[in-house]
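Engineer: Below are the chains, spelled out letter by letter.
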Amino acid sequence: MTSPVAVSGLSVEFGGVRALDDVGFQVEEGEAMAIVGPNGAGKSTLLNAINGVVRPAAGSVRLLGRQVDGWRAHQVARHGVHRTFQHPHVLESESVLRNVMIGGHVDREWLWSPQVLRPFATARREEELRRECLDLLETADLGGAAHMKTADLPYGMKKLVDILRSLVGSPTVLLLDEPSSGMGEVDRQTLINLLLKVRAEFGTTLLIVEHHMDVVRAVADRVIALAQGTLMVDAQVAEVSDLTNLGLASAAHDPDISIPAADSAMAESLTSKEKP
Amino acid sequence: MSLLLATLWGGFSVGATLALIVLGMVLIFRATDTFNFAHGHFMLIPAYLVGKWQVENDMPFLLALTCALLVVSALSAFLYSAVLRKTVGMPLFIPVIATLGFAAILDGVIGMVFQSQLYNISIPALPDGAFDVAGLRIGTGAVVIAGFAYGLGILVALIVQYTAVGARMRAVGQDSMLASQGGINVRRIYLGSWIVAGVLAALGGIAYGSTNIVSPSMLDLAFLAFPALLLGGFDSIPGALVGGLCVGMIQSATSAYIGSEYLPLTTYSLILVVLLVRPQGLLGTQEVTRV
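Protein chains in written order, with my numbering: chain A, 2 to 277; chain B, 5 to 295.
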């Protein structure tokens, strides 16, 4: 079995600015890899390039044994590679449960013909989806909030809802963009437990952009560090003695970036709290 | 009595064309958050084409209609994919200005090709006769046309509300990134919305041209789509039908009872009142108040 995620020579340009420069790595099946680095290092861009939101200028991406160059986001999602967003995409007006159930649309589309022609089978499928989503909510200690309006949840919980949405249908690969930014201590622990459970139960391969080193330490096996769009470090988490300095060390190659990674992480989590 | 009836009928039939134009604008707004200022031209050009081909080339109506719809689909698809797709992520007024520029170009093209000539569209299957209702003479063909326009509007509303394609359209309009994670091809939905909107405008224009005359002044009618859009709500499909009908009625009533020189005054005063009381329009969503 080849690696579920294989990136080689990946470069992304935004009007002359090189956001990613010749990045290459592989993630093995069932592995959890963290991507760290200072703000603007190209971490989110890397996820966007992998799941087809941005077109790379060069290089190629292989997902689950298929070359996905030129694929669009919806094709990657249907291929079993789901993702979450740094600023959670939830429908504020809908209930928490329904927001999670949206995740089922990749596998079972909303069609009127089966609803009319095979109403019982369709109702059963929807009931199954409901069950699955309620179980997922339970896993994240959000069972009690299932029927609350999503707008009433605090920011950290909205992020959990977005992550649960991406878990419907047990994705083979999951891309998480700063899952813990804007989360409090309690939500962060819930997140860590959730991700560990996902790894243990579904064997999902995880690719996590993350600033909080406790999350990296707890969840990830491997870590890569980006700075200015270039891959600086690729190491086993256990081998890195000072994770906080990893982002720093990669930033130190460029004298222009003076904000330590830890500070920028805090700054980011603050700003993201302000614009839910 | 017959003046009142004439007023109602006039408003109803103008409202039919307006409703189709506004419906297209709503679809475009829901999909790409843009107002299409070239929408009047999407109505005028196919009407002109059908008229010209029928009169000068003796083309059968159905062939002319098909060709005209293809032309407007191509124009609409071009405007979206060659111009508006490039403005993603830019401030909201940039795509609007882009459609305004496209409208100016089309204006020039219409002037060069058709030279403000007048055409009459004749639809062969349309019944010829007329009937009297309480002293008012109404053409049967005009009734069929108006009925067709409202029927089409209701059909589109039903499709958007009850079919899978409609559900995808609504999902993309609500959160395109989330929709793409649901496996929905966002770009295809955008393109589809634009093409359907263009075709609706074209059908509105051709319907209008078959009961009236195809002339550049049809663009004035298209500009009435903006008050109708405001009235019904930018993002409401039933609102498009209601808005079109209301503005048609206001127009008709003003010309009948006050005088047609007061048309802009009455139309826009009413819109102003609606905007003060309900900024989102009669049936619009609360959040859509930013423009």
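Quick caveat, the hints were computed from the structure, so don't treat them as lab data. Heads up, a few of these hints could be off.
Simulated restraints, written as ranges between beta carbons of each label pair [what the hints assert, rightly or not]:
id: 1; chain 1: A; residue 1: Gly17; chain 2: B; residue 2: Arg89; range: 13 to 23 angstroms
id: 2; chain 1: A; residue 1: Arg125; chain 2: B; residue 2: Phe227; range: 51 to 61 angstroms
id: 3; chain 1: B; residue 1: Ile158; chain 2: A; residue 2: Phe121; range: 23 to 33 angstroms
id: 4; chain 1: B; residue 1: Gly151; chain 2: A; residue 2: Pro120; range: 51 to 61 angstroms
id: 5; chain 1: A; residue 1: Phe121; chain 2: B; residue 2: Ala81; range: 53 to 63 angstroms
id: 6; chain 1: A; residue 1: Asp23; chain 2: B; residue 2: Asn61; range: 35 to 45 angstroms
For each residue, glycine too, the CB sits at the ideal point set by N, CA and C.
Engineer: Now tell me if each hint is right for this structure.
Structural biologist: Verification of the supplied hints:
Checked against the given bound of 13 to 23 angstroms, the beta carbons of glycine 17 (chain A) and arginine 89 (chain B), roughly 20 angstroms apart, stay inside it. Against the hinted window of 51 to 61 angstroms, the Cβ-Cβ separation of arginine 125 (chain A) and phenylalanine 227 (chain B) comes to about 52 angstroms, which satisfies the hint. Between isoleucine 158 (chain B) and phenylalanine 121 (chain A) the CB atoms are about 31 angstroms apart, so this pair conforms to the stated range of 23 to 33 angstroms. The beta-carbon spacing between glycine 151 (chain B) and proline 120 (chain A), approximately 34 angstroms, falls outside the hinted interval of 51 to 61 angstroms.
In this structure the supplied range 53 to 63 angstroms is violated for phenylalanine 121 (chain A) paired with alanine 81 (chain B), their Cβ-Cβ distance being about 41 angstroms. Between aspartate 23 (chain A) and asparagine 61 (chain B) the Cβ separation comes to about 59 angstroms, which falls outside the hinted range of 35 to 45 angstroms.
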